[in-house]
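J.: I would like the entire structure built from these sequences, with the hints used as guidance.
Each chain, letter by letter, is given below.
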Amino acid sequence: MTSLSFTGIRKTFGTTVALESLDLALQPGELVSLLGPSGCGKTTALRIAAGFEIPDTGVVSLGENVITDTPAHRRNMGMVFQSYSLFPNLTVAQNVEFGLRNRKVEKVKRNSRVGEMLELVQLSDLGKRYPHQLSGGQQQRVALARALAVQPEVLLLDEPLSALDAKVRATLRDEIRRIQTELKTTTLFVTHDQDEALAISDRIGVMSNGRLEQLGTPEDVYLRPASPFVARFVGSINELPNVNGSGQILVRPEDVTISADENELTMRGTVTRVTFQGPVTIISVRVDVVDQLINVHAASGSVHTEVGDRVSVAVAPGRGIIEAA
Amino acid sequence: MAFTHTSPKKVEGVVATAAAPSFFSVLRRVSAWSGLIPFFLFLILFLFIPAVSVFSQALHDADGSFGFSAMREAISGQNLDAFIFSLKFSAGAASVGVVVGGFLAYAAATATRPRWLRNIVSSFSGVAANMGGLPLAFAFLSLLGRQGLGTKILNAFGWDLYAGDFKLGEVSGLITVYSYFNIPLMVLVTLPAIDGLKTSWREACANLGGSAWTYWRRVGLPILAPSLLGGFLLLFANSFSAYATARQLTDNSKIVPLRISFFLGGDISIGEDAVGYSLAAWMIILMGISMAAYWLLRRRAERWSHS
Amino acid sequence: MKHSGTQRTIGRLLPTLVLIASAVFFAFPLLAMARFAFQNLQVIDLGWNNLFEKWSISSVTASFSDDFFAEALTLSLKLAVGTALFTLGLLIPTAVWVHLRLPKARVFVEFLTILPYVIPAIALVAGIVVVKPHARWFLNSDYSLIPFYVVLALPFTYRSIDTGLRAIDLKVLVEASRSLGSTWVATLLRVVIPNLRAAIISSTFLTVAVVLGEYTISDVLLKRTFPSFMAQYRQSDPRGGYALAILALLGTTLLFVAIGVLSKSRSARKQQPSRSQENEILV
Chain A
1 MTSLSFTGIR KTFGTTVALE SLDLALQPGE LVSLLGPSGC GKTTALRIAA GFEIPDTGVV
61 SLGENVITDT PAHRRNMGMV FQSYSLFPNL TVAQNVEFGL RNRKVEKVKR NSRVGEMLEL
121 VQLSDLGKRY PHQLSGGQQQ RVALARALAV QPEVLLLDEP LSALDAKVRA TLRDEIRRIQ
181 TELKTTTLFV THDQDEALAI SDRIGVMSNG RLEQLGTPED VYLRPASPFV ARFVGSINEL
241 PNVNGSGQIL VRPEDVTISA DENELTMRGT VTRVTFQGPV TIISVRVDVV DQLINVHAAS
301 GSVHTEVGDR VSVAVAPGRG IIEAA
Chain B
1 MAFTHTSPKK VEGVVATAAA PSFFSVLRRV SAWSGLIPFF LFLILFLFIP AVSVFSQALH
61 DADGSFGFSA MREAISGQNL DAFIFSLKFS AGAASVGVVV GGFLAYAAAT ATRPRWLRNI
121 VSSFSGVAAN MGGLPLAFAF LSLLGRQGLG TKILNAFGWD LYAGDFKLGE VSGLITVYSY
181 FNIPLMVLVT LPAIDGLKTS WREACANLGG SAWTYWRRVG LPILAPSLLG GFLLLFANSF
241 SAYATARQLT DNSKIVPLRI SFFLGGDISI GEDAVGYSLA AWMIILMGIS MAAYWLLRRR
301 AERWSHS
Chain C
1 MKHSGTQRTI GRLLPTLVLI ASAVFFAFPL LAMARFAFQN LQVIDLGWNN LFEKWSISSV
61 TASFSDDFFA EALTLSLKLA VGTALFTLGL LIPTAVWVHL RLPKARVFVE FLTILPYVIP
121 AIALVAGIVV VKPHARWFLN SDYSLIPFYV VLALPFTYRS IDTGLRAIDL KVLVEASRSL
181 GSTWVATLLR VVIPNLRAAI ISSTFLTVAV VLGEYTISDV LLKRTFPSFM AQYRQSDPRG
241 GYALAILALL GTTLLFVAIG VLSKSRSARK QQPSRSQENE ILV
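Heads up: the protein sequence lines correspond to chains A, B and C, in order.
Read left to right, the first sequence gives residues 1 to 325 (this note's numbering).
Read left to right, the second sequence gives residues 1 to 307 (this note's numbering).
Read left to right, the third sequence gives residues 1 to 283 (this note's numbering).
Be aware that one or more of the hints could be misleading.
[Stated by the list, open to error] Straight-line Cα separation of at most 27 Å, DSSO-like style, residue types lysine-lysine; simulated pairs:
1) K198/B <-> K104/A
2) K132/C <-> K223/C
3) K128/A <-> K152/B
4) K104/A <-> K167/A
5) K167/B <-> K88/B
6) K152/B <-> K54/C
[Said to hold, decoys possible] Per the computed footprint, the stretches of chain B lying under chain A, defined by three or more beta-carbons under 8 Å from a beta-carbon of chain A, are:
7) 202-215
8) 218-227
Hints are computed from structural coordinates only; laboratory data are not their basis.
Glycine residues also receive a C-beta, built at the ideal position from the N, C-alpha and C atoms.
T.: Next up, the structure:
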């Protein structure tokens with residue numbers, strides 16, 4: 001188990017600033033996700049860790065060693081790419097043992113390690129198949145086995161689930177987490193899918209425009225977003241005028257209270273739609289003062305209302321984040 | 001009663017177990033192929049009939065009856081010399097094409113600056129690969145013919161091009177001339193193959209501890225190999241069967257296509273023209289083997305590019 | 001990827017050298033031919049002092065007044081148009097049928113389209129000569145060359161159309177059109193063909209290039225096409241013959257440049273794999 005850290009990492013491509021100045025430290029054995037929209041710099045950060053990009057300034061360290069200038073093939077890291085990274089001319093077993101061969105591990109040990117890895121990803125009897133004979137999910141499992149076969153100090157995952165079907169994605173996501181916790185490998189996981197990040201991470205780094213907006217546990221990021229960007233990107237958000245000052249208040253649908261009474265802390269509105277979604281009912285309210293639609297999540301059965309009703313909505317005390325005008 | 005699973009064949013409304021195909025399924029299949037009838041008919045009339053006719057004329061003995069003596073004669077003596085000669089320069093021209101063309105394709109595919117380089121290379125290759133025939137022959141006659149501009153320039157540097165065996169109609173000359181369309185043809189065939197080499201493979205290899213040499217040896221070249229070999233076969237077939245360029249360059253009867261035309265065009269007796277057709281027949285057989293191998297290699301390469 | 005300094009220098013130097021050497025190799029023969037055609041000076045007499053003298057295009061303009069020039073050029077152009085139309089009329093329905101109704105036959109049909117490499121022009125014409133006595137009524141016409149030219153161009157043209165079909169979602173388009181009430185013919189004309197514009201243009205230009213350069217078959221069958229005329233004219237006037245060849249080259253180059261420009265503007269609009277499309281116009 002080793003730690004991985006970025007200190008003051010800056011990277012530009014021509015005139016575009018991919019990373020402004022990234023400071024991020026992964027504790028040994030933890031899984032940190034970098035979450036953000038395309039172009040936020042998360043993939044660049046990962047590739048700098050892997051050695052496929054050289055930062056303009058800054059230091060990357062693996063444990064106690066500075067590896068900023070170490071070539072990619074000498075860093076002891078495992079990487080899983082988004083898709084199509086298995087060598088098509090080699091069988092599954094040959095793919096998995098590839099890194100071991102490069103390290104001159106002898107045949108007997110290689111074979112047993114390959115067997116171990118395939119069992120870890122539950123593909124034991126597919127050793128002799130070729131990549132084009134596997135499904136997308138199976139290919140990514142082989143990619144994972146291949147990356148882990150060499151017992152890397154850090155595991156890097158570049159949106160490994162993005163190219164897969166929704167169902168496969170969910171299963172594989174949990175498996176990756178299971179394997180990672182079992183092996184206690186320090187892992188950096190890049191994704192644009194917040195559900196993934198929330199589900200499997202020890203900590204999440206939300207990024208935007210080359211900057212780390214917030215680094216915290218999933219709960220922190222969801223319940224206590226540090227900036228309007230994070231509030232909007234993770235989970236759904238409503239935007240209401242700030243009745244106690246200027247600007248807007250960003251509040252989650254489940255943090256909005258709804259009732260029939262009226263007082264000076266609430267805003268009046270009309271219900272436009274009621275959607276039953278099992279445990280939660282979504283009530284859409286058109287708020288008078290801003291003529292805007294907001295969504296309120298209420299536990300089903302707790303609120304009885306119909307389209308056309310006049311209601312009062314308010315931000316639950318202590319919730320929401322204020323965005324200056 | 002156990003739950004059983006029956007698999008219906010292509011039969012309307014009737015679920016059958018694996019029994020003999022019914023009338024309707026056969027009809028369906030036949031009608032599916034019927035749309036290709038015009039195409040098949042066209043090929044039969046204008047490709048197969050001429051090809052079969054070549055063989056029908058080739059399988060004649062000296063007295064005009066059916067036999068293999070013409071076919072045998074077509075690959076003995078001077079005719080055999082001609083085949084060997086053609087094989088030699090075709091293989092040579094193909095080799096040059098593969099090496100230079102392959103390298104050019106790699107250079108063009110991986111060039112990041114200038115950005116127009118790749119387009120120029122591929123557009124020019126499109127033109128040059130189709131440029132066979134007369135313009136090519138004329139161009140090299142004016143460059144490397146006895147009175148050629150290039151010949152004169154080389155003389156000025158002290159190199160007498162024609163001092164040795166060099167002649168445009170001999171192996172070295174033919175290889176030089178044919179490279180003009182072989183190299184671009186190879187570029188055209190190889191560019192998509194090189195594009196198909198995903199960067200993620202290169203990066204995954206490095207990530208797993210492999211150097212550039214490791215990558216090419218264990219991943220890159222093995223994946224490109226079918227395309228490269230296929231390219232060789234294509235170039236070989238192209239060079240062997242080229243007629244128009246050769247015709248304008250020389251009247252060397254050791255070039256098989258020229259030899260065939262001499263047999264067909266001259267004042268010949270019945271027996272002799274069977275030999276001419278046999279030459280063509282053997283050429284078809286040789287081309288058939290080359291293209292069959294090319295086809296198999298291409299299928300293999302495509303399989304990997306779709307994985 | 002990080003490489004050592006020297007590795008990077010060699011890595012960049014070698015391809016550059018090869019590219020330059022290739023450029024020279026490909027330019028020189030053309031320059032030599034142009035010089036011979038348009039400079040009225042023998043190589044023996046050529047020196048640095050008279051390098052720019054006696055240039056004129058009279059060699060090629062003289063050929064225009066030859067009796068057979070106009071005849072040969074018109075015939076070749078007519079054959080080119082005929083071949084292009086025949087090709088499209090034969091291959092588009094065939095390719096569409098294969099894509100829609102018989103995907104399993106795709107491999108087989110593709111294999112058939114490389115058969116012209118197995119039976120090259122010289123063998124093909126040998127076979128034609130055999131059949132000639134039995135089909136004189138057909139082969140006497142100059143236009144009988146058309147189907148054989150279609151055969152010669154088959155590998156390129158089929159590939160071009162097939163690639164074009166693969167780039168559009170044929171099945172979906174056809175089903176949408178049919179569900180909105182169009183007949184098969186209308187669907188073909190109003191939906192499929194307009195979406196195949198780039199492929200149609202490129203295969204047409206390829207066909208024209210092939211026809212304007214085809215010499216083997218027309219020579220043996222004694223048809224007076226433009227390439228045959230070129231060869232013949234060269235016997236009596238070498239400089240004129242070469243000049244005509246240059247003209248032919250310029251023509252085909254313009255065609256290919258046009259293909260390149262058109263396929264680029266097409267693929268700039270769609271998010272399709274443009275690179276592999278333009279490179280797959282040949283085999």
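J.: Hints the structure violates: just list their numbers, smallest first.
T.: Per hint list: 3 and 4 violated.
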